[in-house]
Amino acid sequence: MKQSKKIFCDITKCVACRTCELACAIEHSATKDLFLAMLERPRPRARTFVHFIERDVSHSIACQHCEEPPCMEACMSSCISKDEKTGKVDIDRSRCVACWMCIMVCPFGIISREAADKNKAFKCDLCPDRECPACVDACPTKTLSYETRDDFSRRIKQEKKVYEKK
Amino acid sequence: MKKNNAYVIIGNSASGLAAIESVRRIDKTSNIINISKEPHRPYSRCLLSYYLAGQYNKDILWIRHEDYYKKYNVEGLLNTTVAGVDVKNRALAIAGNKKISFDKLLIATGASAKSVDIKGADKRGVFVLRTLEDAQGILNMLPSVKKACILGGGLIGMRAAYALKKRGINVHVIVKSSHIFSQMLDAEAADMMRQHLETNGIEISTGLEAKEILGKDSVEHLVLDDGNRLDCELIVIGKGVAANLEIVRGQVKTNMGILANEHLETDNKDIYAAGDVAETYDILEGSNNVNQIWPAAIRQGKIAGLNMAGEEAKYEGTYGTNSLDFFDLAVMSFGVVKPKNDVDFEELIEIDTTRRLYRKIILRSNRIVGGVLINDVERHGILLHLALHKIDISDIKYILADEYFDFGKVVPLIKRQAKSFARPEYNDTCATYSPLY
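Residue numbers (this note's numbering), protein chains in the order written: chain R, 1 to 166; chain L, 1001 to 1437.
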């Protein structure tokens, strides 16, 4: 099967600036404008998260669009599906009943509850309106990338060689 | 040679459907027959209480498209009861003396709601909540119901109570144990939930049992074992479920459910069992168990289907876990929540009653074996998977139950114990991590 693109994080480059979170929240706001989005109620929320791994080491993580998504198996209204072509795992919010079974089994803890909007689960949707997810485009240190797993591992191997020479 | 129907799958709920779908991934052409004793196209039982609550209309129940059977090229026999399975001759009998032969059989007959053995339990107005008919029956009664009594303070009972409360009916839950959710929660968490439910108008009595149901034809009163008499027009029994294994009893090995191995095969070759009817190895309990939950049913159906179609797949094992949300307070738990002997177990507990936060993690030899979370539930899955993979968590023990625990704290563990983290996505997240210190 052809590998599909997803968001990768190069931990060595992350400076915990949280620009990804901001870009994500704006992209998923009604106005898609930073200043107007701040005034929206409920306030738009990010679907990607910056975590500290240890002091001064951080990463940004969102839905991994798993090959075998546990959330999809757990969803009792069958509202979570995986697109065979794009690999994207999507929640059909019209059928979400807020049972939180997806949250219960997500190995990464990146599904959130949206209490304001009739109680639905939400997570990274890879920005359907954009070619490249907003967090990736916004990342000032190029920590985040949108590519296939093979491309990612090839690239970081190459970059590591270059850096180690210096 | 007589041609058999390649696959016969009994049951069209979670595991039946998952099995059909994984068989069809591999085998596009062979015959598949799907038998269900219910007359409906596939629906989600777990959503019945949501439908009952009136939060969603009936459409929410249908979890597959109307033309599902056609799309998957499956012969669907609805409203069809299987009278018995002839294991030796690879055939089963359905109503009307008809015989269906099979090469591979999946028993995904599920479970039935347990009733109560008390006088008057056959009166009009006494229900369980297991099938669409049950839900419809309760809904039809509602206009004449002022007060409902729920027998059982477990998952089904409380979900029914919540649904009826949402419909504006007074509910009184009668619980035999000293705490509600006695299977799913520890005493402290149960108390927190009880307080929340009572604040929202659900009446709860613990340590009591129903003794008799009184009324002319339909329910009028419920008599409790302390002598009290409650007026009510509706009684919903939520006393758990029991596996539907009658059709193969004595022919395949059974205990609480049909015993299934790591391929979900019974002790009889080519006969598989999955879902609420199956008893499999429980990873967190360390013994065989029936975990009658949706995620386990889907997973088992999926693995059974693959094996039936000839692609070997191993089932990791089952585990108990559940998620509930009442009046905007979420609660989840998994694995061992009430360890029997305290010596082997260690508990990490964080409680914040004002913000209604509760986190309890149970450890054995530095491995997570269970947990309970209230309100702050987003990281439940992280803990669950650490438990399922039996990860040594000693390095992050100090922060495990903390408010600031997140997936980032797990990354060093993945790096160090890479072999135990099987999902490729785990490697994606930590491939570029190298410890600073």
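Watch out, some of these pointers could steer you wrong.
[Stated by the list, open to error] Pairs of lysine-lysine, BS3-like flavour, derived with a Cα cap of 30 Å:
no., chain 1, residue 1, chain 2, residue 2
1, L, K1415, R, K82
2, R, K82, L, K1397
3, L, K1390, L, K1415
4, L, K1028, L, K1088
5, L, K1058, L, K1147
6, R, K161, R, K32
7, L, K1123, R, K161
8, L, K1216, L, K1147
9, L, K1099, L, K1123
10, L, K1419, R, K88
11, L, K1269, L, K1123
12, L, K1166, L, K1114
13, R, K120, L, K1166
14, R, K88, R, K142
15, R, K120, R, K161
16, R, K82, L, K1166
17, L, K1397, R, K13
18, R, K5, L, K1165
19, L, K1165, L, K1070
20, R, K85, L, K1314
21, R, K5, R, K161
22, L, K1239, L, K1269
23, L, K1419, R, K160
24, L, K1146, R, K82
25, R, K5, L, K1415
26, L, K1415, R, K142
27, L, K1176, R, K13
28, L, K1088, L, K1119
29, R, K85, L, K1216
30, R, K88, L, K1028
31, L, K1419, R, K13
32, R, K88, L, K1176
33, L, K1099, R, K120
34, L, K1419, R, K2
35, L, K1176, L, K1147
The hints are simulated quantities; they were obtained by calculation from the structure and are not laboratory data.
Structure-based check of all given hints:
Using a Cα cut-off of 30 Å, the hinted pair L:K1415 and R:K82 holds, with the two alpha carbons roughly 28 Å apart. Taken as a hint, the R:K82 and L:K1397 pair is broken in the structure, with Cα atoms around 34 Å apart against an allowance of 30 Å. Restraint check: the Cα-Cα separation between L:K1390 and L:K1415 comes to about 15 Å, which is no more than 30 Å; the hinted pair holds. The suggested pairing of L:K1028 with L:K1088 holds, with an alpha-carbon distance near 27 Å, which does not exceed 30 Å.
Of the supplied pair hints, the one linking L:K1058 and L:K1147 holds, its CA atoms being roughly 24 Å apart against a limit of 30 Å. With a CA separation close to 39 Å, the supplied pair R:K161 and R:K32 exceeds the 30 Å bound. A C-alpha spacing of about 78 Å is found between L:K1123 and R:K161, which places the hinted pair above 30 Å, so the restraint is violated. Taking the CA atoms of L:K1216 and L:K1147, the gap is about 17 Å. The hint holds against a cut of 30 Å.
The hinted pair formed by L:K1099 and L:K1123 fails the criterion: a straight-line CA distance of about 37 Å is larger than 30 Å. Taking the CA atoms of L:K1419 and R:K88, the gap is about 26 Å. The hint holds against a cut of 30 Å. Between the alpha carbons of L:K1269 and L:K1123 the distance comes to roughly 44 Å, so the proposed pair goes past 30 Å and is violated. At roughly 25 Å between alpha-carbon atoms, L:K1166 and L:K1114 fall within 30 Å of each other, so this suggested pair holds.
Between R:K120 and L:K1166, the direct Cα distance comes to roughly 18 Å. Compliance with the 30 Å bound is thereby established for this hinted pair. For the hint linking R:K88 to R:K142, the alpha-carbon distance of about 22 Å falls within 30 Å, and the restraint holds. For a cut-off of 30 Å, the pair hint linking R:K120 to R:K161 is broken: about 45 Å separates their Cα positions. Distance restraint check for R:K82 and L:K1166: the Cα-Cα separation of roughly 33 Å exceeds the 30 Å cut-off, and the hinted pair is therefore not satisfied.
About 27 Å separates the Cα atoms of L:K1397 and R:K13, which keeps this hinted pair within 30 Å; it holds. For the hint linking R:K5 to L:K1165, the alpha-carbon distance of about 46 Å lies beyond 30 Å, and the restraint is violated. Between L:K1165 and L:K1070 the CA atoms are separated by roughly 40 Å; this puts the pair beyond 30 Å, and the hint is violated. Note on R:K85 and L:K1314: the hinted pairing holds, with a Cα-Cα distance of about 26 Å set against a maximum of 30 Å.
Restraint check: the Cα-Cα separation between R:K5 and R:K161 comes to about 24 Å, which is no more than 30 Å; the hinted pair holds. Distance hint between L:K1239 and L:K1269 is unfulfilled; the C-alpha atoms sit about 34 Å from each other, more than 30 Å. The straight-line distance between the Cα atoms of L:K1419 and R:K160 is roughly 23 Å, inside the 30 Å bound, and the hint therefore holds. Taking the CA atoms of L:K1146 and R:K82, the gap is about 45 Å. The hint is violated against a cut of 30 Å.
Restraint check for R:K5 and L:K1415: satisfied, since their Cα atoms lie roughly 23 Å apart, inside the 30 Å limit. This hinted pair checks out: L:K1415 and R:K142 have alpha carbons roughly 23 Å apart, not beyond 30 Å. Distance check on the hinted pair: L:K1176 and R:K13 sit about 57 Å apart at the alpha-carbon level, beyond 30 Å; violated. Taking the CA atoms of L:K1088 and L:K1119, the gap is about 42 Å. The hint is violated against a cut of 30 Å.
About 61 Å separates the Cα atoms of R:K85 and L:K1216, which puts this hinted pair outside 30 Å; it is violated. Taken as a hint, the R:K88 and L:K1028 pair is honoured in the structure, with Cα atoms around 24 Å apart against an allowance of 30 Å. Using a Cα cut-off of 30 Å, the hinted pair L:K1419 and R:K13 holds, with the two alpha carbons roughly 26 Å apart. Proximity of R:K88 to L:K1176 is assessed by CA-CA distance (about 46 Å); at most 30 Å being required, the pair is judged violated.
Simply put, L:K1099 and R:K120 have alpha-carbon atoms about 46 Å apart, too far for the 30 Å limit, and the pair is violated. Note on L:K1419 and R:K2: the hinted pairing holds, with a Cα-Cα distance of about 25 Å set against a maximum of 30 Å. Distance check on the hinted pair: L:K1176 and L:K1147 sit about 20 Å apart at the alpha-carbon level, within 30 Å; holds.
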